[in-house]
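For the protein sequence lines, the chains are A and B, in the order given.
Note that the numbering used here has the first sequence beginning at 1, numbered continuously upward.
Note that the numbering used here has the second sequence beginning at 1, numbered continuously upward.
Read the hints as simulated data drawn from the structure, not as lab findings.
Hints are not guaranteed to be accurate.
Under the rule of at most 25 Å between Cα atoms (straight-line distance), these lysine to any residue pairs were calculated in the SDA-like manner [stated by the list, open to error]: (1) A:Lys370 with B:Glu64; (2) A:Lys141 with B:Val26; (3) A:Lys376 with B:Gln76; (4) B:Lys15 with A:Asn408; (5) B:Lys212 with A:Gly14; (6) A:Lys370 with A:His345; (7) A:Lys379 with B:Asn155; (8) B:Lys15 with B:Val26; (9) A:Lys22 with B:Lys175.
Since the structure is predicted, the reported quantities are computational estimates derived from the model, not experimental observations.
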Amino acid sequence: MHTKSLAAYENVVGHVAISQLKQLAQDLAGARVVHVNSTRAGGGVAEILQWLIPLMNDLGLNASREVIEGYSEFFNVTKTFHNGLQGSPVALPQSMIETYEQTLAENADRLRSTLEKADFVFIHDPQPAFLLDLCPNRKGKWIWRCHIDVSHPNRKVWNYLKRIVSGYDASIFSMPHFAQRLDHPQFIIAPSIDPLSEKNCELTQQEINTTLDRFSISKELPILTQISRFDRFKDPIGVINAFNMLNSSVDAQLVLAGGGATDDPEGAAMFEEVQDAARGNDRIFLLLLPSNAHRTINALQRASIIVIQKSLQEGFGLTVTEAMWKSKPVIGGNVGGIRLQVCNHQTGFLVDTPEGAALRIRELLRQPKKIETMGKTAKEFVTYNFLLTRHLREYLTLMLGLRRGLENYLIAA
Amino acid sequence: MAITTEKNNMPFEVKDCTIITRMGGVDTAVNLRELRERVTICPIECIFHHFCETLIRPTFDDPEFRNDFAVWSARQLRDRVLAERLGVINPYSLDNFEQLREIVLDIIDERLSELVYIPWVPRGNDFRFMRGVTVLFDCGVELTTPEDLVKQLPNFSYSSIYYHFIEARRRTPDKADDFSAWLAGFGSGTESLISALKGIDFYYLTLPELKKSLIKATQSPGSEISHAHQIVSSL
Numbered sequence: 001m002h003t004k005s006l007a008a009y010e011n012v013v014g015h016v017a018i019s020q021l022k023q024l025a026q027d028l029a030g031a032r033v034v035h036v037n038s039t040r041a042g043g044g045v046a047e048i049l050q051w052l053i054p055l056m057n058d059l060g061l062n063a064s065r066e067v068i069e070g071y072s073e074f075f076n077v078t079k080t081f082h083n084g085l086q087g088s089p090v091a092l093p094q095s096m097i098e099t100y101e102q103t104l105a106e107n108a109d110r111l112r113s114t115l116e117k118a119d120f121v122f123i124h125d126p127q128p129a130f131l132l133d134l135c136p137n138r139k140g141k142w143i144w145r146c147h148i149d150v151s152h153p154n155r156k157v158w159n160y161l162k163r164i165v166s167g168y169d170a171s172i173f174s175m176p177h178f179a180q181r182l183d184h185p186q187f188i189i190a191p192s193i194d195p196l197s198e199k200n201c202e203l204t205q206q207e208i209n210t211t212l213d214r215f216s217i218s219k220e221l222p223i224l225t226q227i228s229r230f231d232r233f234k235d236p237i238g239v240i241n242a243f244n245m246l247n248s249s250v251d252a253q254l255v256l257a258g259g260g261a262t263d264d265p266e267g268a269a270m271f272e273e274v275q276d277a278a279r280g281n282d283r284i285f286l287l288l289l290p291s292n293a294h295r296t297i298n299a300l301q302r303a304s305i306i307v308i309q310k311s312l313q314e315g316f317g318l319t320v321t322e323a324m325w326k327s328k329p330v331i332g333g334n335v336g337g338i339r340l341q342v343c344n345h346q347t348g349f350l351v352d353t354p355e356g357a358a359l360r361i362r363e364l365l366r367q368p369k370k371i372e373t374m375g376k377t378a379k380e381f382v383t384y385n386f387l388l389t390r391h392l393r394e395y396l397t398l399m400l401g402l403r404r405g406l407e408n409y410l411i412a413a
Numbered sequence: 001m002a003i004t005t006e007k008n009n010m011p012f013e014v015k016d017c018t019i020i021t022r023m024g025g026v027d028t029a030v031n032l033r034e035l036r037e038r039v040t041i042c043p044i045e046c047i048f049h050h051f052c053e054t055l056i057r058p059t060f061d062d063p064e065f066r067n068d069f070a071v072w073s074a075r076q077l078r079d080r081v082l083a084e085r086l087g088v089i090n091p092y093s094l095d096n097f098e099q100l101r102e103i104v105l106d107i108i109d110e111r112l113s114e115l116v117y118i119p120w121v122p123r124g125n126d127f128r129f130m131r132g133v134t135v136l137f138d139c140g141v142e143l144t145t146p147e148d149l150v151k152q153l154p155n156f157s158y159s160s161i162y163y164h165f166i167e168a169r170r171r172t173p174d175k176a177d178d179f180s181a182w183l184a185g186f187g188s189g190t191e192s193l194i195s196a197l198k199g200i201d202f203y204y205l206t207l208p209e210l211k212k213s214l215i216k217a218t219q220s221p222g223s224e225i226s227h228a229h230q231i232v233s234s235l
């Protein structure tokens, strides 16, 4: 439960950022804003809504959240949508479409009154998208917020969804390369992190040390960490290969920490592969963490001297943002949103191969001053661009823009 | 020499700004010929965004090239000749942004006539046309004298510097920065200060560099500007 008020963030982002939010919110005071998504807890969207709605209310808007309900058959269909939108070859028979539309019709009976009265409705991802068709007397602006990479969708799935989302007043994508051509305004709003959340708040050195002790990680040797699911696209084997390349010349430890192996057959196989690759090297630590191990992840990131995110494919890569917020240089794969955050030689290095990662790890470990400078630059960059106050400001701007008309200038308050 | 100034009754209201970006409404370009076609038809706001708003987007300043067309030519098309020709354009030296569009098209046409094949980029590295909406904020600070401006400049945010010193040239008829326009309202006595501000070659500076230049120009002891400032202050 998110209980922090806007004032709590002033110490982190400064008075000016808070003042800007208040100016933008003046003309939106009392506006009824409803966010609709498909899960109450778990996942990035739920995490965002947990802070976004209280902060919107703190600014004088009347924001609330609705969660759609459905049986497993419905969520199998939406999972098919999700995979198809990310480019997987999937089948979409008529029976699936009927399940999808029927389930949302049942949800609409419950939500119609709230949604039709709202001034702004944000529909998150494809799961609830069809609600628009089921609320014919809507009076507000409806915005489709797409959190996933739809740059190369399965055409069958996209053609079905495109007809639905074309009816919205606007859509939001996380990066320009995720966007599809639509006839309404498409905004680009990057994700963000909450600097006061358990995953990102300051920790005492004692808590960090306790976490290291729990996993028998040495406090004496430099720690290199990659936090991510054990997933082929995160390239954990590539990270181990990079580490092995420098093992003889560099005294360091490698921590690979994340979840995802227990409920995903592919993930379990991947974890076994990673275990095989790490076998025999007692400087490599593989940690399978539960999804709520936020403070543990925070401690591991803070204990690290360098954070690695050597993905082969990536959406935005919020683990990169989290590491940069903790003043860590990041060695990241040259893909997706990592390229937006890691600027070569300034906040870290972009690499395409395990060899590249090994080269940059060695370069950094031999230059502590560079680690410090890059870490400082990285934190400044995140402070200015990737904290939740920027995210909130862009939501408010979009709402004001849709209400007043999208001119070249928008005067707050 | 007798110098007289008139009182400027209009205070300078300090503003700040951010942008929110949206897609430009034209297809992406995967090769140089497509880039030419899209530049021809894209909204003029896209041209402005890719040349001028690069400074306040959440990206690092590219020290090599200032506009997105040059950066894309260098990094994705791997055509440094084209990148350098596009990179040297200063949009603020032109009469308007339509003229800028014509120059970009002319440079691309010239390059297309020189190449034996059309350069392409790999999937995912296509040029995406964007445009921005500038959002204005009131900082709650008003300046009433030139001395206030000199004193307050170190407190200006980078985005505020961008808005008053760079973006102003888009919205004022004589393409002046807001500081110079306001100082001109004081009549004689501020000419040197205005002249020094006009002398800053801002387009190739990052915002931190520009802020430093502005502060240095207005605060360096013995400089022309400081001299003008002292004269104005003593009046």
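Where does the structure disagree with the numbered hints, that is, which hint numbers, in rising order? 3, 8 and 9
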